[in-house]
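Assemble the whole structure, with the sequences as input and the hints as a guide.
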Amino acid sequence: MKLWETFRFEVVYQLHRVSTWFYFVFLLGVAFLMARDVFVAEAQEGNYFLNAPFAVAQVTLVACILSLLALAALAGGAAARDVETRMHPLLYTSPISKAAYLGGRFLAAFSLGALIMTAVPAGLIAAALLPGSHADLIGPFRPAAYLSAYFLLALPNAFVAIALMFSAAVLARRGVASYLGGAFVFFSSVVSWQVVAVLLGHWGVAKLTDPLGLTLINELSKVWTPSQKNTLIVGPQMSILSNRLVWVGVGLGVLGLTYLRFRFAHVAADSRRLGRKRAGARLPAADAAKAEPTSGGSNAASARVTPLAVPQVQRTFGFATRMRQTLAVARESFRVIMKGWGGFALAGLGGLVVLIGPFLFQDEGFPQIPTTGQFVGFLEQPGEHGMWLVVPLLIVYYAGELVWRERDARLGEIAGAAPVPVWVSFAGKFAGLALMLVAVQAVVMAAAIVVQARMGYYKFEVGLYARILFGIRLTDYLLFALLAFVVHVVVDQKYVGHLIAVIAYLLVAFGPQLGIEPGLLVYGSDPGWTYSDMRGLEPFIGPLLLFKFYWAAWALLLAIAAKLLWPRGTERGVGPRLRVAGRRLTRRTVATAVVAVALVMTFGGVIIYNTKVLYARHAAPSGDEWRAEYERRYERYAGVPRPRTTAINLNVEIYPRRRVVEIRGTYDLVNKTEAAIKSVHLTTALGVETRTVGFDRAATLLMVDENLGHRIYTLETPLQPGDSLKLNFEIRFDSRGFPISDIDASVVPNGTFFGAEWLPGVGYQRGREVRGDGERKRFGLPPRPEVLAQDDPVALMDVAWLEPIKFEAIVGTDAGQTAIAPGALRRTWVQDGRRYFHYATDAPILNNIAFFSAAYAVREARWNDVEIQIFYHPGHALNVERMIRSVQASLDYLTRRLGPYPYHQIRLVEYPGDRRSLYAHPINIRYMEGFSFINPEAEPRGIDLPFATVAHEVSHQWWGNQLVPAPVVGAPMLNETLAWYSALEIVEASYGREHRNQLVGAMRASYLSPRARAGSPLLRATDRFQWYRKGVIALCALREYVGAERMDTALRHLFERHGSRTPPLPTTLDLYKELQAVTPDELRYLLADLFEANTYWELSTKDVEAERLATGEWRVTLEVHARKVVVDEEGVETEVPMDDLVEVGVFGAAGDEPTSKPLYLRMHRIRSGEQRITLTVMGEPARAGIDPRNLLIDVEAGDNLAKVTSRPAP
Amino acid sequence: MELQIRKLAKTYSNGVQALKDITLTIPQGMYGLLGPNGAGKSTLMRTIATLQDPDAGSIHLGDIDVLAERERVRETLGYLPQEFGVYPKSSAVELLNHFAVLKGITARGERREVVDVLLRQVNLYDVRKKNLGGYSGGMRQRFGVAVALLGDPKLIIVDEPTAGLDPAERVRFLNLLSEIGQIAVVILSTHIVEDVSELCSRMAIIDRGEILLEAEPLAAVAELRGRIWRRVVEKAELPEIERAHAVISTKLLAGRTVVRAYSDAQPSNGFEPAEPDLEDVYFSTLTGLAGLATPTSQATVPGVAR
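Sequence lines, in order, name chains A and B.
In terms of the working numbering, the first sequence has 630 at position 630, counting the first letter as 1, and numbering is strictly consecutive.
In terms of the working numbering, the second sequence has 212 at position 212, counting the first letter as 1, and numbering is strictly consecutive.
Simulated from the structure, these hints should not be mistaken for lab results.
For every residue, glycine included, the Cβ atom is placed at its ideal position computed from N, Cα and C.
Mixed in with the good hints, there may be bad ones.
Here are the simulated DMTMM-like cross-link-like pairs (lysine to aspartate or glutamate), alpha carbons at most 20 Å apart as the crow flies [what the hints assert, rightly or not]: (1) B:K89 - A:E571; (2) A:K222 - A:E1133; (3) B:K89 - A:E84; (4) A:K806 - A:D842; (5) A:K98 - B:E71; (6) A:K2 - B:E110; (7) A:K1073 - A:D791; (8) B:K20 - B:D53; (9) B:K7 - B:E210; (10) A:K494 - A:E406; (11) A:K806 - A:D723; (12) A:K806 - A:D696; (13) A:K98 - B:E75; (14) B:K89 - A:D492; (15) B:K130 - A:E571; (16) B:K89 - A:D408; (17) A:K98 - A:E5; (18) B:K129 - B:E113; (19) B:K129 - B:D116; (20) A:K2 - B:E69; (21) A:K2 - B:E71; (22) A:K1203 - A:E1180; (23) A:K494 - A:E413; (24) A:K1203 - A:E1113; (25) B:K89 - A:E5; (26) A:K1073 - A:D792; (27) A:K2 - B:E94; (28) A:K98 - B:E69; (29) A:K222 - A:D363; (30) A:K2 - B:E75; (31) A:K806 - A:D668; (32) A:K777 - A:D136; (33) A:K672 - A:E803; (34) A:K98 - B:D53; (35) A:K2 - B:D152; (36) A:K222 - A:E1196; (37) A:K1203 - A:E1107.
Derived CB-CB ranges, DEER-like [what the hints assert, rightly or not]: (38) B:K129 - A:V18: 18 to 28 Å; (39) A:Q312 - B:D277: 35 to 45 Å; (40) A:Q237 - B:D116: 49 to 59 Å.
Written out as structure tokens, the structure is:
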């Protein structure tokens, strides 16, 4: 009965509060918006319905994260309201048991939580019923999805969260301690997901340690096919159920602990803190207890009257006093934060950085050097890993605590009557919070330096840390802190204030991902920035500063609002507060406000001028609408015969500091068709100014469309077959102004890189069309296959976009920089303070050109008559030597096995960017700065990744630049996969078998991260994983079965037949034909399994027994299990009978590697199902199994080998 | 039913010795606990009210061991603390109803009656539906009284109850208490001497954790007859007078200083005999001039004189 009454009373009490319903509506709105708008892109790309069960689960979990704020308020209230309102003496002396009290309160909090969580499925259902503009993405309504999402996902999450929050608040006796429980839940979840699972790869563990289930849904999003996402309900899976069980258990455990620890006892108010002051300060002996305040009514009696001797003091109230008072308040506020959770969080953050730091510097297991530039990138991207949300949460929390400090301690009235102007309180508290933020950044910087030092890297670049951590990030924090302050001043309720401030932060930080563009109306936003060693903070720094000044002006206005509305006095209604605000509007305040408004207008005006006027003049349109329009208008000209470019001659002037590029150029066009060409269609690039287009013969401009970049010229005399034509043009790229986001960083004071995108193109450009079925439907365009079929006749003949050309260019740039373009460097000279380079190709190259300009350091070498050059940023020299060696080894191998290198120079050029991506243009191979940070010395497996990657890129000069695949499905197999195959051969030639095996093993490790097994066969490979990993592994497997020599022969034949770029262009079918030609009959099945079907083997060794024979040999018996399945693109698995040749190996005790010293390694015929294999070896066996080298494609690679158990000799 | 406190001791973690070996027997009726601020009154009250653990000693209410059987005590306890708050967004009748259930009054009809009666008794019936957040200090105090009186408690502890009340409210409150004192053990802990003198048939004076005096007020006053003297002096004369005589209190009367002194015989000139009152008992006990133990009808350990 008493439990019921406690429960009932609490529920009714909270239901009467407006805030409870606010939380409900908030969750409803959030779920609705997320389901309808925010996750649309994901659903479109992932090809599943917006209301698919998977999408329902996903939105539910994200809503659970936000619900933590609301649940904290409910739990904190239920747990600690008695103590906070001081009603606990009345309650604790009532005859109620601990169980009834705590139980009733907890159940009330949980029921309320369950109630407001129903807002989530309600919002989801509403989104499905009112889909707005995405009605086509709505699938069938599955009530089970919503029920499962609520009961198996949302409700257990709420239970765990509330259990932890309730316990925290009960034991700490403060309502806000519930936030601690919430923070624990949130951060355990995020760390489990981002660090344990994504970074470290321990998905199994992470799925259990994640209380919210984010890891689980992320794994499903990777493993499930679109049709699974549309049909399978998320929830009844084993992994999810076990996770729920674990965490509900944790929740119950914590509640039990709370029950045991809780006592109905008097709450001694902070006896610990005061104790230090009072200890020893006993009341003085006989003068104690004098001058007692007696009740009103009796005379002011005292047992003794000691005459008061109050010392006379000078009191001043001038500006200096105000400053001192502000400083005193600031010091006090800072101390409060540091002694409370702020200090912990600071230490925790530093500890977290030190712990997690080293793991940030490895990419797929390959360590990198921890440069400061990269580190600040990790530290400053709030979306990254979610860990850095600690600081904004601290800001929100402490802004609330500081604003409410006096009122919470019931000192509000005393403080309010003190002769301290409001701005002193505000400025002082804000300064205290600001000091904390400075301390945070200092701790983060120190921790980062510690991480670097521990990894052996000592180029700390403190100045860079200072610029980014204190210059940029601190400013962002301060702006947000001011907003948090103002929210708490205006909103009269602490919990609601916290919620609103957090929402404001999320909107700014994650706005771009949610579709909210930064802009003049999104507080604190800016166009974004990245740092690179080569280009520094250019070109972002200018617009960034402008935006920050603009927001600083707004912050000033906010500060004025805070001062006007600062809570002082006891009136809490809106009317009285506005009246007080009016009274506080002094002349100085008004003047400051006017100044602030003027600043807002000024900076805002400059920004608007830059974004909407200067930039808009030359900007390319954003979004995809223009692409659809382009296709609608001009696709009809796709088949019009067009002349081919045979030569390009350019004069390029790069002005890095002005960020301008001017190009004057000529194309030589030839009519290679059989008909006369009457009109020439020209595609001009958007975002640049194309002027003065002319031909060397009479032509009239029929139509020009500047907005979409299409022109049609009619030739007076049609161009006959075989005839040629010259096209002249001038182009100017200018970066005046800037866009509101995604500032173009191609042309910068150091580190310029641009390709041919600004040059005009001949004919209709298919590359501009909208991609993706869903997107095309949205624009009303007919569906177009992403890739063409392998027998598409046009594709087989189509070399249009990469026709071989003669190239010549004179490139001018700043005196201190080197400009690089395709071809041999004929001459370089200085003129008018600028440096010029004349490049010209010796042999035709594919029309895939790029230009670079920066202050490079250069390392030169040779191989035969080929000049090797590496242009790198000074200071990024770590891997240059290896790269040179790799180029030499690669040129050697590829020239011998495939054919000569057509040119006399090969270059590697560094350009800005923090990933390790490379791309092989003809002659020039570009690589991003991230590539120079790979640290092969620290690689635990000894793999020289730079060497291997450069070998891959050099291989592209054959596979891709000489052998050009037809643009059909599977084309990348012929350049990427073959380039990696050749690179592996080069690695083996230079470093040996073992090293190559390590590298292949690393590639195989990609299987270990969760992945759907559904897919197309390799011959029609459609995704990166197949081209870069699975295809390579398949070729390597074939190599082990068929032999390296035969593979070599097949590839050489392929190259000889198709390496001359003449149509018909090769497809994967041609590769397959060559492979078939070298594969013996009995292995043809393997070839088919690997390439014609998406085959997975499931091989495992159950048991191995060994028996020593009388002859001294050992008889080894293996129990193995084998199974082969084919998985289609929908994920449907079909078992196929197996009768394959599989290696069986037995290994001795020495070493752990299966490839070392096999006692036995031979092919056996293995059927489907269980079987026993018996063999005899010389020497004591330790481990044995089937397919010990993991040649075949088996997702579970770890169960192929088993330890030998000895049977005693008979 | 009487409350027996034996050798109760409590030292806080900051070193303050709040209770030093307290031994008291409190019979049914109004019992006053008088003492200055910081004497240990609230600590003692809270310990008896099961909210605090003593370091040593025992408390028995009839046959209930208070320290061991808290639940049983709470079933018959009414506690009005010195400082307490209420849920601001609840109304008086709602919250009192809630407490009624917690105190075991489960039958709905009976509960409604009890709640109504109590609200009338404390004069809150007219504002019973208003939110407690809007109550004045006195009204909140009265609400606390109502909560304390729920369920016919046999042990009622009121800690500094009249400190915030205006004269009329104080009189009403004391009247209410005196009625209840007929049937329960009521401990009134206060530093306002008038409350004790008006209401209590027995009292104890406590200072710095020790019981200085345990007596019946009238008897204690009678003891002082003939030993209290008063004199009107100028402020400048005060230090000398204090040096020469055992001054127990100095008061102001219409701007002039009136000194009361303790002496067995007539002190120097200027002093006239005064009729002693409980305040004199209080001050003289506190200053150590009179620390008398008056044995009561039951055998108790005498209070310790300083």
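Would you pick out the hints that fail for this structure and give their numbers low to high? Hints that this structure does not satisfy do not exist here, as all of them hold.
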